[in-house]
Amino acid sequence: MKILLIEDELDLAEAIRTSLEKELFLVEHASDFASALEKVSLYEYDCILLDIMLPGGSGMDILAKMKKKQGGENVIIISAKDSLDDKLEGLDLGADDYLTKPFHIAELNARIKAVFRRKNLQGSNLIEIKNTIVDLNERECKVDGKLIELNRKEFDILNYFLLNKNRLITKNALAEHVWGDHIDQADNFDFIYYQIKNLRKKLQTSNAQIEIQSVYGVGYKLTEL
Amino acid sequence: MKLLNQSIKYLSVSILLIVSIWSAIFYFNMLDEIHDSIDDGLDNYKLLIINRTEDDEQIFEQKGFEEGNFTIDQISKEEALGMRDYFTDTLLYMQNEDDLEPVRMLTSAFKHGEDYYQLTVFNSTVEEDDLIEDLLYSIVWLYIILVVSIVLINNVVLKRLWKPFYKLLSDLKAFRIDKEDPVPVVEGDTREFKELESAVNSLIFHARETYSNQKRFTENASHELQTPLAIISTKLELLLEKESLNSESADHVAQILQVIQRLTRLNKSLLLLSKIENKQFLENSPISVNQVVAQSVEDLEEFAEFKEVKTTVDNSSEIQVKMDESLASILVSNLIRNSIFHNLKGGNVTITLVDNTLIICNTGKSESLDPEKIFTRFHKETKNSSSSGLGLAIVEAICKLYGFEVSYRFDGAHCFEVNFG
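So the protein sequences, as listed, match chains A and B. According to full-length UniProt numbering, the first sequence is numbered sequentially starting from 1. According to full-length UniProt numbering, the second sequence is numbered sequentially starting from 1.
Keep in mind that the hints were calculated from the coordinates and are not lab data. Be careful, since some hints might not be right.
To be verified - Here are a few chain B residues that face chain A, going by a calculated C-beta distance under 7 Å:
id	residue
1	L229
2	A230
3	K235
4	N246
5	E248
6	A250
7	D251
8	A254
9	L257
10	Q261
11	L263
12	T264
13	F306
14	Y402
What the hints assert, rightly or not - Below 20 Å or equal to it, Euclidean Cα-Cα: the simulated EDC-like pairs (lysine to aspartate or glutamate) are:
id	chain 1	residue 1	chain 2	residue 2
15	A	K197	B	E301
16	A	K165	B	E241
17	A	K153	B	E301
18	B	K242	A	D11
19	A	K197	B	D299
20	A	K153	B	D299
21	A	K67	A	D96
22	B	K235	A	E14
23	B	K279	A	D96
Even for Gly, the Cβ is constructed at its ideal location relative to N, Cα and C.
Please put together the full structure from these sequences, using the hints given.
Written out as structure tokens, the structure reads:
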């Protein structure tokens with residue numbers, strides 16, 4: 001999987017690159033309009049992460065040029081502009097998703113994988129880790145072929161963890177992903193602990209070979225046993 | 001009061017004044033002219049009678065207006081020499097009218113032979129009260145006809161003349177500075193309206209420039225803040241994933257990360273607030289408040305369960321509003337979240353939708369909150385440091401943006417009411 005990261009903030013680009021490389025993606029980086037345009041026209045990528053405000057031009061122009069060319073690439077816009085106009089314009093121009101800065105790494109991972117899966121969908125839509133299989137179409141989770149009962153949010157939590165295997169998911173990221181965009185003012189994330197506890201219990205009783213670990217009180221990660 | 005009615009008001013008052021003064025002057029002029037012409041007639045009549053006395057002695061027998069409108073009486077020489085012609089207005093009995101009628105009378109003296117005589121001739125004159133009455137009627141009619149025709153003409157002409165103005169007005173009412181609407185145009189070539197148009201357009205131009213500057217500033221400020229925040233939190237998350245980190249340092253990093261995330265939330269809330277206040281949300285669509293409430297309650301289900309708070313929703317009536325979808329959701333969920341958060345263990349939240357009003361009541365501490373301060377920014381009822389103190393300020397800003405009424409009251413339970421108008 002080859003990803004082009006178009007981002008002018010070098011520090012942020014470096015952090016994103018480190019994170020994506022942990023997921024075993026191949027990451028190339030362009031930091032301004034000209035070099036981004038050059039890379040886009042010369043090479044092919046599986047996914048392009050596109051910042052809007054770039055030195056030398058707007059990311060929207062790159063997107064428009066790219067889609068005019070032919071457009072097999074998946075594009076996720078990453079922008080500090082949380083403006084509806086931009087979002088609509090970007091999606092109109094053919095972007096697959098729009099992520100507002102600052103975002104959680106886990107969220108970026110989940111979006112990239114979701115975009116890949118949408119494009120490469122061949123009938124089934126399964127995530128398999130050890131003896132656990134999650135079917136995203138049916139919204140079912142099976143361990144050793146046996147169905148475990150999960151409510152909607154438990155399923156969303158598990159799915160999010162599976163997309164971010166071995167990675168830290170902060171409570172904030174989890175709350176925003178599962179409980180919606182504005183829950184982040186929820187003052188108090190202790191209730192997430194109870195959700196995780198329930199999910200852990202269900203995974204344990206069905207002998208799933210995965211585990212949700214607590215990480216320094218700030219979040220969780222899913223690991224294989 | 002409409003301009004049309006204003007002008008009619010002033011016109012009718014001034015026409016009344018003009019017509020009244022005019023009719024008074026007209027009356028006196030006419031009376032003067034009538035007297036003048038009667039006086040001339042009487043003078044002439046007098047001369048005729050005096051001439052007749054030369055060859056008709058009979059005429060001296062004429063006494064007491066028996067025949068003809070004159071009488072001749074003999075007077076002394078002194079009297080006659082001291083007398084000058086004079087006119088008087090008096091009343092005389094008229095047979096045809098069977099009443100006393102006003103007459104104009106000329107009294108004169110003349111010499112016939114050696115004798116002196118006094119001659120009195122009269123002519124009937126206008127009845128002034130009749131004249132005034134007639135005049136009054138015609139003046140009243142004139143006034144009515146004038147006012148009615150002015151109203152009619154005003155209605156037709158002014159309406160037509162002011163049409164471009166009213167069109168401009170309705171265009172301006174619908175105008176939104178943040179939309180790419182074309183600037184209003186005035187039809188026709190009335191100079192005043194053209195000037196108004198250019199004044200309005202230059203105002204719009206400046207307002208748009210200021211607005212876009214401010215919008216750009218808000219967004220630039222957000223960019224400047226969000227990016228460093230993104231860098232810090234991303235780097236800290238990566239740092240926490242490092243196996244080599246010892247647990248004591250990891251705890252510190254985790255704490256810093258939590259503070260950064262709080263800062264990020266605060267920044268987001270402030271941005272949201274400034275965007276609402278800059279009216280940058282006008283993507284209105286019809287929203288069912290009942291649905292938004294149901295969605296919010298579902299989103300907050302686990303939170304409520306954790307706080308051991310029971311939530312009940314009473315959908316007594318359907319509430320439909322036209323507003324931005326995300327703002328509707330923020331408005332409702334902020335209120336419901338607050339009511340769950342500031343609740344007691346085992347308490348409850350009742351959400352009622354009735355008569356275009358959303359009422360959210362919750363059990364909580366037993367004294368009232370300060371209704372004056374509760375909606376102000378950064379006002380915190382609790383010492384809870386993770387609360388941003390912006391939740392209710394955002395609620396109020398959203399309500400203000402759409403003209404909803406939001407209020408707080410305490411009657412044993414803490415109740416927030418939003419009236420969608």
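Hint by hint, which ones does this structure get wrong, listed from lowest number up?
Those not satisfied are hints 4, 5, 11, 14 and 23.
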